[in-house]
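Enquirer: Each chain, letter by letter, is given below.
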Amino acid sequence: DSGVTQTPKHLITATGQRVTLRCSPRSGDLSVYWYQQSLDQGLQFLIQYYNGEERAKGNILERFSAQQFPDLHSELNLSSLELGDSALYFCASSPTTGWGSGANVLTFGAGSRLTVL
Amino acid sequence: DAKTTQPNSMESNEEEPVHLPCNHSTISGTDYIHWYRQLPSQGPEYVIHGLTSNVNNRMASLAIAEDRKSSTLILHRATLRDAAVYYCILRKVGGSEKLVFGKGTKLTVNP
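Sequence order for the protein chains is A and B. Under this note's numbering, read the first sequence as residues 1 to 117, first letter to last. Under this note's numbering, read the second sequence as residues 1001 to 1111, first letter to last.
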């Protein structure tokens, strides 16, 4: 158990639907990161939040949004789902204490597997 | 972040040492070298990181070339559980805190 909790572990839904993935970071970690892993794209960075504020953005689609709440848990919302959104979605957290120390270590959760039919 | 180059795949036998290479010829003086691995059906897992000197921890050793243009992750005695994709990633001081993953090296461990 890495200490990063992701729910649900598996999710099957239909095209056009909307889902929410939830992440609880390790105790004390202020930063949360979301990644998408599909077979043909590898691990792609989506977005980072630090203490409730957006810190960095990757190739996140406009149909996707995220937020980090005051208790530091984060949610990734995926809407108007398409077949191509089927993937593993990983959340990671880190005890970020400042911008870009270079030595910051990320701890990943076990992932949420989304299947869009 | 500067680019890294790793072999697509490597094979090893159980209980033998494994040396996983990574080239990073455009590394800058403020780039840390990080290694993560991803076991099948799991999230990536931190292995080790270093800046200039060789590093050891309970999982592995990291050997960094004197010119820092390459590094090697050393697993001293491979086990079947070490079969994973290993990623070598550079992190710049003052840069983004996100990790940018390449394709990594898929390590197969034979019994």
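Everything labelled a hint here was simulated from the structure, so no lab data went into it. Take these hints with a grain of salt, some might be off.
Beta-carbon label-pair distances, calculated as ranges [as the list claims (entries may be wrong)]:
hint, chain 1, residue 1, chain 2, residue 2, range
1, B, 1008, A, 59, 18 to 28 Å
2, B, 1039, A, 5, 11 to 21 Å
3, B, 1111, A, 9, 42 to 52 Å
4, A, 15, B, 1094, 39 to 49 Å
5, B, 1111, A, 62, 17 to 27 Å
6, A, 86, B, 1054, 12 to 22 Å
7, B, 1026, A, 103, 34 to 44 Å
8, B, 1016, A, 53, 16 to 26 Å
9, A, 60, B, 1059, 28 to 38 Å
10, A, 115, B, 1019, 21 to 31 Å
11, B, 1014, A, 77, 24 to 34 Å
12, B, 1054, A, 57, 31 to 41 Å
13, A, 63, B, 1015, 47 to 57 Å
Just so you know, even glycine gets a beta-carbon here, dropped at the ideal spot from N, CA and C.
Enquirer: Compare the structure with each hint and give your call.
Expert: Results of checking the hints against the structure:
| no. | hint | result |
| --- | --- | --- |
| 1 | B:1008 x A:59: 18 to 28 Å | 23 Å, holds |
| 2 | B:1039 x A:5: 11 to 21 Å | 18 Å, holds |
| 3 | B:1111 x A:9: 42 to 52 Å | 30 Å, violated |
| 4 | A:15 x B:1094: 39 to 49 Å | 42 Å, holds |
| 5 | B:1111 x A:62: 17 to 27 Å | 48 Å, violated |
| 6 | A:86 x B:1054: 12 to 22 Å | 42 Å, violated |
| 7 | B:1026 x A:103: 34 to 44 Å | 20 Å, violated |
| 8 | B:1016 x A:53: 16 to 26 Å | 48 Å, violated |
| 9 | A:60 x B:1059: 28 to 38 Å | 32 Å, holds |
| 10 | A:115 x B:1019: 21 to 31 Å | 38 Å, violated |
| 11 | B:1014 x A:77: 24 to 34 Å | 44 Å, violated |
| 12 | B:1054 x A:57: 31 to 41 Å | 36 Å, holds |
| 13 | A:63 x B:1015: 47 to 57 Å | 49 Å, holds |
Going down the numbered hints, you'll see the structure goes against 3, 5, 6, 7, 8, 10 and 11, while the others check out.
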